[in-house]
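**Student:** In the working numbering, the protein residues as written are 0 to 304.
It is worth saying that the hints were derived from the structure and are not from the lab. A couple of the hints might just be wrong.
As the list claims (entries may be wrong) - Derived DSS-like pairs: lysine-lysine, alpha-carbon spacing no greater than 25 Å straight-line: (1) K124 <-> K79; (2) K17 <-> K210; (3) K112 <-> K127; (4) K127 <-> K114.
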Amino acid sequence: MMLTNVIQTSNLTRQFRKVMAVDHITLQVPQGSIYGFLGPNGAGKTTTIRLLLRLIRPDEGTVRIFGLSLPQQQQAILRKVGAFVELPSLYPHLTGYENLDITRRLIGANTQKIKDVLKIVNLEKDSKRLVRGYSLGMRQRLALALALLGDPELLILDEPTNGLDPAGIQEIRALIKHLAQERGITVFISSHLLNEVEQVATHVGIVSKGKLIFQGTLNQLQAESEAYIQIKTNQTEVASQLLTSNGFIVRQHSENEIHLVSNSQVNPSIITKLLVENQIEVSQISRVNPSLEEIFMRLTSEKEN
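Construct the complete structure from the given sequences, taking the supplied hints into account.
**Tutor:** Structure follows, in structure tokens:
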């Protein structure tokens, strides 16, 4: 059975004076996915999220969530969505439990739901403490608990690991995986932390200067980027000339490293033999599949150029 898209936008656009913050973005977020919305700071991620939540209005384009249209069916949509945008708004002079209870009353949930979400985010023992005494990681988990109070089918999280230490990042990452895999919640998560998204996401969208420049699964993203042969030598100039004259394509070289375009016919052992026979010392040679971060940097730099 084909996955349906929980979020579907078409040519979503928002301009602030002369700045095109969101430039005709068409998103497709499959049901049950963890969709990593990647981009550098200022790329348009938070503005896109604000448009999805109808916190601001688009200049052009349409938004459909659960197959329903914004703004026409906004109330029905938002009942099934949990979110936090940028820094979560919490009451520091109240306890974690009291913060949750305020939202619970507003949405009409029962008190048992507070206990349920506290358990999910592992804040049961700290729920009676004042929020002003919470670490940043605890505040982020409390914000996630607030987003879960209404039993959402879709979570929209804006930079949920921003400012966290490695332990805090790991906690949030584990929570997101649990919510998607064990509870069937679709998660849309914006981030500039590429290695974190790589570890948690099933799908990614890459945005740069307001434009969506890639969208698909991590496997599709990896397939779009060529593997390369990495050669480490202290004779890169001579080695590059030799390799080029023998039909190899040098993609780039630095003081101690050469990258060759790779395909199934390029054999590292043949390259090593060629170099060694020409008195060029090779300390390491390997076929490398670019990391998500390398692919991201290439795509965004191509966009800027």
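**Student:** Decide, hint by hint, whether the structure agrees.
**Tutor:** Going down the list of hints, with the structure as the test:
no.: 1; hint: K124 <-> K79; verdict: 28 Å, violated
no.: 2; hint: K17 <-> K210; verdict: 15 Å, holds
no.: 3; hint: K112 <-> K127; verdict: 16 Å, holds
no.: 4; hint: K127 <-> K114; verdict: 12 Å, holds
Hint check: a violation occurs at hint 1 only; the rest are consistent with the structure.
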